[in-house]
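Chains as they are written, first to last, in our numbering: chain A, 1 to 444; chain B, 1 to 434.
By construction, these hints were calculated from the structure, which means they are not laboratory data.
Derived DSBU-like pairs (lysine-lysine); straight-line CA-CA distance at most 30 Å:
| id | chain 1 | residue 1 | chain 2 | residue 2 |
| --- | --- | --- | --- | --- |
| 1 | B | K294 | A | K112 |
| 2 | B | K27 | B | K238 |
| 3 | A | K189 | A | K330 |
| 4 | B | K187 | B | K168 |
| 5 | B | K349 | A | K112 |
| 6 | A | K318 | A | K330 |
No experiment lies behind these values; they were computed from the predicted model shown.
Listed below are the residues making up each chain.
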Amino acid sequence: MAHGQTAPGILAGRLSSEEIETNFSDLHPPYAPHEAAVAADRCYFCHDAPCVTACPTDIDIPLFIRQIQGGNPEGAAETILSQNILGGMCARVCPTETLCEEVCVREVAEGKPVEIGRLQRFATDVLMGSGEHPFMRAEDTGKRVAVVGAGPAGLACAHRLAMLGHQVTIYDANSKPGGLNEYGIAAYKATNDFAQAEVDWLLRIGGISVECNAALGNGLTLEGLREAFDAVFLAVGLAGVNALRAQGEDKPGVHHAVDFISEVRQADDLLKHPVGRHVVVIGGGMTAIDAAVKSKLLGAEHVTVAYRRGASAMGASKFEQDLATSKGVKLMFNVQPRQVHGEDAATEIELEYTASVDGTLQGTGESVRLPADQVLKAIGQRLEGVPDALHLNGNKIAVIGAGRTSVEGVWAGGDCAAGGEDLTVTAVAEGRDAAMDIDAVLRA
Amino acid sequence: MADLTTDFLGITSPNPFWLASAPPTDKEYNVRRAFEAGWGGVVWKTLGAEGPPVVNVNGPRYGAIYGADRRLLGLNNIELITDRPLEVNLEEMARVKADYPDRALIASIMVPCEEGAWKAILPRVAETGADGIELNFGCPHGMSERGMGSAVGQVPEYIEMVTRWCKKYYDRPVIVKLTPNITDVRKPAAAAKNGGADAVSLINTINSITSVNLDTMSPEPSIDGKGSHGGYCGPAVKPIAMSMVSEIARNPDTLGLPISGIGGITTWRDAAEFISLGCGNVQVCTAAMTYGFKIVEEMATGLSKWMDEKGHTNVRDFVGQAVPNVTDWQYLNLNYIAKAKIDQDQCIKCGRCYAACEDTSHQAISMGADRVFEVIDEECVACNLCVDVCPVEDCITMEQMQPGAVDPRTGKRVEETYANWTMHPNNPMAKAAE
Ligand SMILES: Cc1cc2nc3c(=O)[nH]c(=O)nc-3n(C[C@H](O)[C@H](O)[C@H](O)COP(=O)(O)OP(=O)(O)OC[C@H]3O[C@@H](n4cnc5c(N)ncnc54)[C@H](O)[C@@H]3O)c2cc1C
Ligand SMILES: Cc1cc2nc3c(=O)[nH]c(=O)nc-3n(C[C@H](O)[C@H](O)[C@H](O)COP(=O)(O)O)c2cc1C
Ligand code: SF4
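Produce the entire structure from the sequences given, and follow the hints as far as they go.
This is the structure:
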């Protein structure tokens, strides 16, 4: 029997296995062929289409949708994947409502965009389902490139380099490749172990070897890689997490949201995965929303996202906010954590209201206490363990052009590099573009 | 990826997709951009004789028919041949051909029905380096009143005569473009062949009035309150064009005469269908005018993928593959018996099949409680209307009855032998009554 939502403390098995299965099913179920045809028919094949401009990887969206219309989903997938080799994952996780679909002329005209993300999923599912890998390697160049980090940026870079004929070795600190696709992205966005299936499919290009449990700073050095390879691409993401700086932060029951999310993603059996009765998530980005929604789906009775600014400043899009509230998550705005209370473990959290005074955020002095047996901190990730030789811009690796760092022969891209939004699709674009630049330099 | 390189009359192009003679090919600027976008060839907008060019209307020249969601299905136009001076066109053609030697460039020509007129223009066209010419005998408006275009195309003797002049004064391929505004398209095609044409292309546009404005009582497009019939083209004309193409392809008089297929081609599939009906390549106008030059990418990738699937390595491999299956009604197998079948899992219970069959066909669909629609095999003649009106693809299908089974409608056994109308006992002219 399930414990139910109101059992106190951090417990596993709050819901029945049927409930868990429903809750963690596909957020946007795939289109059936007829649905895809109807959705594709709505595309106007715009000239110099705004959606293409809005896509960080510049996928030729009108063309791929026309190929779906014409009964050629495999061709559509090739159009997508030739620009964005992780087009399958991006179809699932891109905040399309702030990218391509936001500027779709039908969104602007009717408030109802062509559903580009789901069409992209349809096409890529057909091709990947057929087991085909449509790209071939160019003749071997004899050049070797090291890629550090097997997240979207590293994978995209490696695939493009391999396609251009270079030999690539990817090193990743984790035990599985995929980066946040594997350990971060919400489970209901990438069901059926899609992240690993996609990595396997991508590696079929050949010429790429993956070495897991191999970390830069722990066995590997930048100097060593530079000596052993013709070029190095750093795509280590943001491995560190920001501190909350609230009293009681060290009490049991207080966790990093990214750890919680990663454990849920890696759980063999979600029924055995514990979650609090009263969960409070601190933060306002995609991570906060994902952690909150997952808590709710696991059976928490009350889940609150506490964000220190207003709704419009939230990193999570309107769609993500609505998703959370539709699952029963409460969004609280203009509050910041002051203290976590509880004898042996967290039981309550004290939040202070905030206001913007002369452009800076300040506590108003007024506060409120919420029951909280689990507190999840989602206040941002940061770069950790960067080799000293690299210049930083803010707290990320400084790059110019297509990812060139301050060290010769070393490129960087994805979340760890300065510039661009921290999104899967941006990481893919940066990885791909760095590969093109590395290729140009190696051939020069 | 299958190679799409196409050889038509010895003219090679990187793919079988040419732009038809029309506004998309009216000038150097357009044609260069078309080639950059990937079109395999162009038939330049029709040239007229030396001298002051024709003038077009200065108001709307197009009318349109829409499907759901304002999808353009048919376009009608009252545009004439090029309204730019001959010399300008010729100079531009020569420049473009020199820069794009791998693409096909065909000159479309329409000059008066006098030998001198053709004799004068042909050497000048030859000088441009164009790969061939297309004789525009098709334009249904404006030019026909001047004794050109479809006025010539409707008289097979004129076609033959003009074609002969062209073969006499020009040594590269001559394509004769046919008008569909005629009762039997086989006649002008045969005349073209007799005149020595290397190929025919079809169809040009169909006489049409797209709509009438019920407030002003003027046909559209309306010029100062009056309208004139125009030429119809676009997806709506494709079935008409394909039928005409197939007639020429299977006519003994024109057997083997190369055909360039035109009319409503919008996707790779349309092109593949025209080619299977005997066309060596295809020409496109309305689809480019509706969506821009970029559509050729969908056409090329789609066709190439389909060819890979079918194991075709060259377009030539399937030219005319469907022609042997185009036959006369009287030869269709009357012992082929099918029944409609409704897939209850897919049925959305709209009842359109019921309305169609009950009101206008054979009362062969029943409507049960809870809106369950089922075919009554005793009544179904397999006319296909329910399939055609059903909004759900593959929800209603036609299932062939196997030989030996008894057709509940007639009570007769389904025979495995082939038998057509020419042998049927009801036919007073039946040949061999068995
Ligand atoms: C919870 C969460 C949800 C998200 N949801 C979305 C979403 O829905 N849509 C979206 O577009 N984006 C989302 N994002 C952002 C997106 O996941 C990232 O922008 C993207 O994964 C960045 O890719 P990357 O390759 O730069 O880094 P990562 O995906 O972080 O990959 C970095 C890789 O480097 C490895 N690594 C780290 N340090 C080392 C080292 N020293 N040596 C060797 N390897 C190392 C890591 O193990 C990891 O595999 C989300 C992020 C989080 C945290
Ligand atoms: C605006 C317009 C102008 C045309 N002008 C010519 C012409 O000058 N010469 C010609 O041979 N055909 C002309 N056509 C006919 C096209 O070349 C083509 O035969 C016809 O449009 C059918 O093809 P489609 O359905 O792809 O448009 C014209 C068509 C249009 C729409
Ligand atoms: S397309 Fe529109 S803008 Fe262009 S010439 Fe015609 S009427 Fe004018």
